[in-house]
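Heads up: the sequence lines are chains H and D, in that order. Take any residue in the first sequence, count from 1 to its spot, add 359: that is its number in my numbering. Take any residue in the second sequence, count from 1 to its spot, add 243: that is its number in my numbering.
These are computed hints drawn from the structure, not numbers from a lab. Fair warning: there could be bad hints in the mix.
Said to hold, decoys possible - In silico SDA-like cross-links for lysine to any residue, where the CA-CA straight-line distance does not exceed 20 Å:
hint, chain 1, residue 1, chain 2, residue 2
1, D, Lys268, H, Arg391
2, H, Lys729, D, Ser335
3, H, Lys802, H, Thr654
4, H, Lys822, H, Asp732
5, D, Lys268, H, Asp732
6, H, Lys667, D, Arg336
7, H, Lys777, H, Ser665
8, H, Lys811, H, Met786
9, H, Lys694, D, Arg336
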Amino acid sequence: MTFSAPITLLYLLAAVLFIWGLHQLSSPRHARMGNLLAAAGMVIAFAATVPGLHHSVLNLVLMVVAILIGAPLGAVAARAVRMTAMPQMVATFNGVGGGAAALISVVEFLRAPSTVAIPIVLSIPVVFAVVIGATSFAGSGVAYAKLQELMRGTPIIYRGQQPVNAAVAAAIVVLGVLLVVTGVGVLALWALLVLSLLLGVAFVLPIGGADMPVVISMLNAFTGLAVAGDGFVLGNPVLIVGGTLVGASGTFLTKMMSDAMGRSIGNLLFGAFGTVLVTEQSAAGGAGRSVRSGTADDIGTLLAYSQKVIFVPGYGLAVAQAQHAVRDLAELLEKRGVEVDYAIHPVAGRMPGHMNVLLAEANVPYEQLKEMDEINDAFRSTDVALVVGANDVVNPAARNSPGSPIYGMPILNVDQAKNIVFLKRSMRPGFAGIDNELLYDPKTIMLFGDAKDSLTSLVAAVKAA
Amino acid sequence: MSAQLVSEISIFVLAVFLGFEVISKVPTILHTPLMSGSNAIHGVILVGAMVIMAGAQGPLQELLGFLAVVLATINVVGGYVVTDRMLEMFRSRNKRGGTPT
């Protein structure tokens, strides 16, 4: 398709606004404006598309109806979702985008006369968008079900899984190449669509636990690439730019996250992490060693007379809905002159940056939210590191025991603090299912119970101190 | 190779570099909104869905096109709304808002 000069310029403007918007996301101060700029770009892109549409009244009516169905669905879901459920929400939006991308290429293929082979410059992106889009759609569906706890969140493994997945992937490659070369075959295209949906399910099933955020980020990149593929199919530059930006940034983000977990992307996808629950260490862990548990009053006094306290929040904090309680405690300590910071591990929560959103929701000022590299040296001079609902991201096994599944993951140096306080419900291991030797450290005091209740009693104890 | 394809490939390659470049500056504190914001940007697929829907011939194509528009609209509207909701919450120490519980 070729566009008139004004339309092309409007598409260019839209693309500039996408890029500028993403760029503005680099600081909390103007991030919101950035998102609005990107949204404005989107409106311009849609408006520029309207004049070029076919003038079939029925189809245009159907199109408007479809938009009127989709818009409230998206808006209501986005308004209603709780911040703790953000990973599922992002997975959903990924999935529907991927699904749309696959359908567009399917229809474009169906539109071509079935007797004439479509040219290779068209068949390549069609096959690409169908495969990647459908994989993203089905994979996001499984990711949603896992995160929403509609199904087991841990990796699902069965006998012969790898060969089966490899066979599905191989069938996709064969069919894809066949379609690209011959340029005909509606049946083959449907088969390709079904197989790709199957692949999406098959490839997310064995991934679970702490690795889900990485999968979501990767599916985000997938959908972006499928959109770019459709851009080539339809010859539309704004689809190419928008899709590619997301594809590239999503890939980058996925890489950053797997680095933050000290693992390669391949290991993440095929390693079935989270199944290696009982290592020798954790088997021995519960047996002999003792833990020191304290009362809220003891710990309250300890906190009240500290000079520097670092909070280390994990997803358990959000599960207990204790973000506000933790902020109350922090403000109280600050009033007494205690220096308070929050140490946020890159993979704290269920997606990168998730913990920051949860704490921002509780009105914690973002200046207090410190990244790992920024705060790790400060633990040495910290009186109390208060760990609330976090476990794996402070587990020294990541540094010391090469046999551990999390070995190599960069962690917060909580073990260097003068005192360590863990607020935990029980001795149960964390999201990744690995025992934490820090719990048995002589410097560590445990405060068992619901995080919110514990924090509330700590607030009372600090007030009394 | 047509001139149009060449320019499309150029756009693609430049966008890859831009995507890497722009994202590498975003601090981890904003990674969740970044992911959901970029999620909204791939909602640009609605452009494609509109084109396909408008040109659809016959019930099958119309049905698939219709589905594509619904899905793409959910993606783009939901993506921007949820990102805005998150970014609205990031406050500086100086202008701390109320405390909704």
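Quick rundown of the hints versus the structure:
1. Lys268/D with Arg391/H: With Cα atoms ~16 Å apart, Lys268/D and Arg391/H stay inside 20 Å; holds.
2. Lys729/H with Ser335/D: holds (14 Å)
3. Lys802/H with Thr654/H: holds (15 Å)
4. Lys822/H with Asp732/H: violated (33 Å)
5. Lys268/D with Asp732/H: Distance of about 15 Å is within 20 Å: holds.
6. Lys667/H with Arg336/D: Given that 20 Å is the threshold and the Cα spacing comes to 19 Å, the pair holds.
7. Lys777/H with Ser665/H: holds (10 Å)
8. Lys811/H with Met786/H: Holds, because 17 Å separates the two Cα atoms, which is no more than 20 Å.
9. Lys694/H with Arg336/D: holds (14 Å)
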